[in-house]
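Use the sequences and the hints to build the structure in full.
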Amino acid sequence: MADVKGMPSWVLIGDLVGSRRSADRLGTHDLLVRVLAEVNEASARAGRTDGALQITAGDEFQGTFPSLGAAVATTLWVRTALLPDADVRCGIGFGHVLVLQEAPRVEDGPGWWAARSAIEAVAADAARAALHGLRTRYAVAPESEAEHRRIGRGPDPAAVNAALMVRDHLISQLSSRSLSVLRGLLAGQTQKDIARDLGISPSAVSQRVRSDGLAVLVAADELLGGLG
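Quick note on the working numbering: the sequence shown kicks off at 1148 and runs consecutively.
Calculated directly from the structure, the hints in this document are not laboratory data.
Hints may be right or wrong, so weigh each one.
To be verified - Derived DEER-like restraints, expressed as beta-carbon distance ranges: (1) Val1246 <-> Gly1346: 16 to 22 Å; (2) Gln1248 <-> Ala1334: 22 to 28 Å; (3) Gly1346 <-> Ala1306: 37 to 43 Å; (4) Ser1358 <-> Glu1267: 32 to 38 Å; (5) Val1253 <-> Pro1213: 18 to 24 Å.
Glycine included, every Cβ here is placed at the ideal spot set by N, Cα and C.
The following block contains the structure:
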(Lines of atoms letter the chains of each structure in order from A and count residues from 1; the text may use other names and numbers.)
(Lines give C-alpha, C1' and ligand atoms only; values in the text may rest on other atoms or scores of the structure.)
Protein backbone atom coordinates (compact mmCIF):
# COMPACT_ATOMS: atom_id res chain seq x y z
CA MET A 1 0.00 0.00 0.00
CA ALA A 2 1.35 3.43 -0.91
CA ASP A 3 2.48 5.60 2.00
CA VAL A 4 3.67 9.18 2.26
CA LYS A 5 6.59 9.86 4.60
CA GLY A 6 5.70 12.05 7.56
CA MET A 7 8.34 14.63 6.62
CA PRO A 8 9.56 15.75 3.23
CA SER A 9 12.93 14.51 2.02
CA TRP A 10 15.82 15.84 -0.02
CA VAL A 11 16.27 13.67 -3.07
CA LEU A 12 18.93 13.70 -5.74
CA ILE A 13 18.85 12.69 -9.39
CA GLY A 14 22.11 12.67 -11.32
CA ASP A 15 23.32 11.60 -14.73
CA LEU A 16 26.51 11.60 -16.72
CA VAL A 17 27.01 14.44 -19.19
CA GLY A 18 27.53 13.38 -22.80
CA SER A 19 28.04 9.71 -21.94
CA ARG A 20 26.45 8.58 -25.20
CA ARG A 21 29.29 10.29 -27.07
CA SER A 22 31.98 8.64 -24.96
CA ALA A 23 34.57 6.61 -26.90
CA ASP A 24 34.68 4.17 -23.97
CA ARG A 25 31.03 3.87 -22.94
CA LEU A 26 31.60 0.80 -20.76
CA GLY A 27 34.65 2.29 -19.09
CA THR A 28 32.74 5.48 -18.26
CA HIS A 29 29.91 3.46 -16.74
CA ASP A 30 32.36 1.40 -14.68
CA LEU A 31 33.92 4.62 -13.39
CA LEU A 32 30.49 5.85 -12.27
CA VAL A 33 29.78 2.56 -10.51
CA ARG A 34 33.09 2.77 -8.66
CA VAL A 35 32.59 6.40 -7.61
CA LEU A 36 29.07 5.79 -6.32
CA ALA A 37 30.32 2.80 -4.33
CA GLU A 38 32.98 5.01 -2.74
CA VAL A 39 30.37 7.64 -1.83
CA ASN A 40 28.07 5.03 -0.30
CA GLU A 41 30.94 3.51 1.68
CA ALA A 42 31.91 6.92 3.06
CA SER A 43 28.28 7.58 4.02
CA ALA A 44 28.10 4.26 5.83
CA ARG A 45 31.30 5.05 7.77
CA ALA A 46 29.70 8.33 8.81
CA GLY A 47 26.71 6.43 10.13
CA ARG A 48 24.40 7.44 7.29
CA THR A 49 22.77 4.40 5.73
CA ASP A 50 19.62 5.97 4.27
CA GLY A 51 19.34 6.76 0.60
CA ALA A 52 22.43 5.05 -0.80
CA LEU A 53 23.03 6.21 -4.36
CA GLN A 54 21.75 3.68 -6.87
CA ILE A 55 22.02 3.52 -10.64
CA THR A 56 18.48 3.35 -11.96
CA ALA A 57 18.83 3.31 -15.75
CA GLY A 58 21.80 3.78 -18.03
CA ASP A 59 23.93 6.48 -16.42
CA GLU A 60 21.24 7.95 -14.17
CA PHE A 61 21.48 7.55 -10.40
CA GLN A 62 19.30 8.53 -7.46
CA GLY A 63 19.40 8.83 -3.69
CA THR A 64 17.57 10.28 -0.67
CA PHE A 65 19.25 12.42 1.99
CA PRO A 66 18.57 13.56 5.58
CA SER A 67 19.53 17.17 4.84
CA LEU A 68 20.12 19.59 2.01
CA GLY A 69 23.77 19.87 3.07
CA ALA A 70 24.33 16.13 2.72
CA ALA A 71 22.85 16.16 -0.77
CA VAL A 72 24.88 19.19 -1.87
CA ALA A 73 28.12 17.74 -0.49
CA THR A 74 27.45 14.48 -2.34
CA THR A 75 27.10 16.28 -5.67
CA LEU A 76 30.55 17.82 -5.18
CA TRP A 77 32.10 14.50 -4.15
CA VAL A 78 30.70 12.67 -7.18
CA ARG A 79 31.65 15.39 -9.67
CA THR A 80 35.22 15.88 -8.49
CA ALA A 81 35.75 12.11 -8.34
CA LEU A 82 34.62 11.71 -11.96
CA LEU A 83 36.46 14.68 -13.47
CA PRO A 84 38.32 14.99 -15.79
CA ASP A 85 37.36 11.61 -17.29
CA ALA A 86 33.61 12.21 -17.03
CA ASP A 87 31.23 14.87 -15.80
CA VAL A 88 27.85 14.74 -14.10
CA ARG A 89 24.82 16.96 -13.63
CA CYS A 90 22.58 16.76 -10.57
CA GLY A 91 19.15 17.96 -9.52
CA ILE A 92 18.24 18.14 -5.83
CA GLY A 93 14.58 18.31 -4.84
CA PHE A 94 12.74 18.91 -1.56
CA GLY A 95 9.27 17.50 -1.04
CA HIS A 96 7.20 14.59 0.17
CA VAL A 97 8.15 11.16 -1.13
CA LEU A 98 5.55 8.57 -1.98
CA VAL A 99 6.63 4.98 -1.34
CA LEU A 100 4.95 2.91 -4.04
CA GLN A 101 6.62 -0.39 -3.15
CA GLU A 102 8.96 -1.57 -0.39
CA ALA A 103 10.77 -4.55 -1.95
CA PRO A 104 12.35 -3.58 -4.20
CA ARG A 105 11.80 -0.01 -3.04
CA VAL A 106 10.07 2.24 -5.55
CA GLU A 107 9.45 5.91 -4.76
CA ASP A 108 7.63 8.78 -6.43
CA GLY A 109 6.05 12.04 -5.37
CA PRO A 110 6.71 15.79 -5.22
CA GLY A 111 10.29 15.47 -3.93
CA TRP A 112 11.27 13.41 -6.96
CA TRP A 113 9.35 15.66 -9.34
CA ALA A 114 11.23 18.67 -7.95
CA ALA A 115 14.58 16.92 -8.43
CA ARG A 116 13.62 16.05 -12.00
CA SER A 117 12.66 19.65 -12.77
CA ALA A 118 15.96 20.82 -11.22
CA ILE A 119 18.13 18.55 -13.37
CA GLU A 120 16.21 19.52 -16.49
CA ALA A 121 16.64 23.21 -15.63
CA VAL A 122 20.40 22.97 -15.11
CA ALA A 123 20.75 21.01 -18.35
CA ALA A 124 18.93 23.81 -20.16
CA ASP A 125 21.16 26.42 -18.51
CA ALA A 126 24.33 24.55 -19.47
CA ALA A 127 23.21 24.53 -23.11
CA ARG A 128 23.91 28.28 -23.13
CA ALA A 129 27.53 29.05 -23.93
CA ALA A 130 27.91 31.53 -21.08
CA LEU A 131 26.64 28.98 -18.54
CA HIS A 132 28.15 25.82 -19.96
CA GLY A 133 29.88 24.84 -16.70
CA LEU A 134 26.72 24.67 -14.58
CA ARG A 135 25.92 21.21 -13.28
CA THR A 136 23.82 21.45 -10.10
CA ARG A 137 20.43 22.93 -9.15
CA TYR A 138 18.08 22.82 -6.18
CA ALA A 139 14.28 23.05 -6.31
CA VAL A 140 11.46 22.88 -3.77
CA ALA A 141 8.29 21.11 -4.85
CA PRO A 142 5.40 23.61 -5.23
CA GLU A 143 3.29 21.32 -3.04
CA SER A 144 5.89 21.63 -0.26
CA GLU A 145 6.74 25.35 -0.40
CA ALA A 146 4.44 26.29 2.49
CA GLU A 147 5.86 23.58 4.70
CA HIS A 148 9.40 24.47 3.60
CA ARG A 149 8.82 27.97 4.97
CA ARG A 150 6.86 26.87 8.04
CA ILE A 151 9.35 24.36 9.41
CA GLY A 152 12.44 26.18 8.18
CA ARG A 153 13.84 23.24 6.25
CA GLY A 154 16.70 25.05 4.63
CA PRO A 155 17.44 28.43 3.04
CA ASP A 156 15.87 30.13 0.06
CA PRO A 157 16.47 27.95 -3.04
CA ALA A 158 17.62 31.06 -4.93
CA ALA A 159 20.46 31.56 -2.44
CA VAL A 160 21.47 27.91 -2.67
CA ASN A 161 21.44 28.00 -6.46
CA ALA A 162 23.54 31.17 -6.53
CA ALA A 163 26.21 29.38 -4.48
CA LEU A 164 25.98 26.26 -6.64
CA MET A 165 26.39 28.29 -9.84
CA VAL A 166 29.60 29.87 -8.61
CA ARG A 167 30.91 26.54 -7.30
CA ASP A 168 30.16 24.76 -10.58
CA HIS A 169 31.80 27.49 -12.64
CA LEU A 170 35.01 27.41 -10.58
CA ILE A 171 35.25 23.63 -10.77
CA SER A 172 34.73 23.68 -14.53
CA GLN A 173 37.83 25.87 -14.88
CA LEU A 174 40.18 23.53 -12.99
CA SER A 175 42.99 21.55 -14.60
CA SER A 176 43.46 17.84 -13.93
CA ARG A 177 46.25 18.59 -11.44
CA SER A 178 44.18 21.18 -9.58
CA LEU A 179 41.29 18.72 -9.40
CA SER A 180 43.64 16.21 -7.78
CA VAL A 181 44.67 18.82 -5.21
CA LEU A 182 41.02 19.70 -4.54
CA ARG A 183 40.11 16.05 -4.01
CA GLY A 184 42.88 15.78 -1.44
CA LEU A 185 41.73 18.90 0.39
CA LEU A 186 38.12 17.71 0.47
CA ALA A 187 39.34 14.40 1.91
CA GLY A 188 41.05 16.26 4.74
CA GLN A 189 44.63 15.81 3.58
CA THR A 190 47.30 18.38 4.37
CA GLN A 191 48.99 20.23 1.53
CA LYS A 192 52.21 18.38 2.41
CA ASP A 193 50.50 15.00 2.07
CA ILE A 194 48.90 16.02 -1.21
CA ALA A 195 52.28 17.12 -2.58
CA ARG A 196 53.82 13.78 -1.62
CA ASP A 197 51.00 11.79 -3.24
CA LEU A 198 51.16 13.82 -6.46
CA GLY A 199 54.94 13.92 -6.63
CA ILE A 200 55.13 17.71 -6.65
CA SER A 201 56.51 20.29 -4.24
CA PRO A 202 54.43 21.67 -1.34
CA SER A 203 54.93 25.15 -2.80
CA ALA A 204 53.36 24.01 -6.09
CA VAL A 205 50.34 22.74 -4.16
CA SER A 206 50.12 25.99 -2.19
CA GLN A 207 50.26 28.02 -5.39
CA ARG A 208 47.37 26.06 -6.90
CA VAL A 209 45.34 26.40 -3.72
CA ARG A 210 45.71 30.18 -3.90
CA SER A 211 45.51 30.83 -7.64
CA ASP A 212 42.61 28.44 -8.40
CA GLY A 213 40.50 29.32 -5.37
CA LEU A 214 40.66 25.79 -3.98
CA ALA A 215 40.57 26.96 -0.36
CA VAL A 216 37.43 28.95 -1.21
CA LEU A 217 35.80 25.84 -2.68
CA VAL A 218 36.64 23.82 0.43
CA ALA A 219 35.32 26.55 2.74
CA ALA A 220 32.14 26.84 0.67
CA ASP A 221 31.69 23.07 0.81
CA GLU A 222 31.90 23.16 4.61
CA LEU A 223 29.26 25.90 4.80
CA LEU A 224 26.93 24.29 2.26
CA GLY A 225 27.38 20.89 3.90
CA GLY A 226 25.96 22.30 7.12
CA LEU A 227 22.63 23.29 5.58
CA GLY A 228 19.69 21.64 7.28
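Item checked: Structure-inconsistent hints, enumerated in ascending order -> 1 and 2
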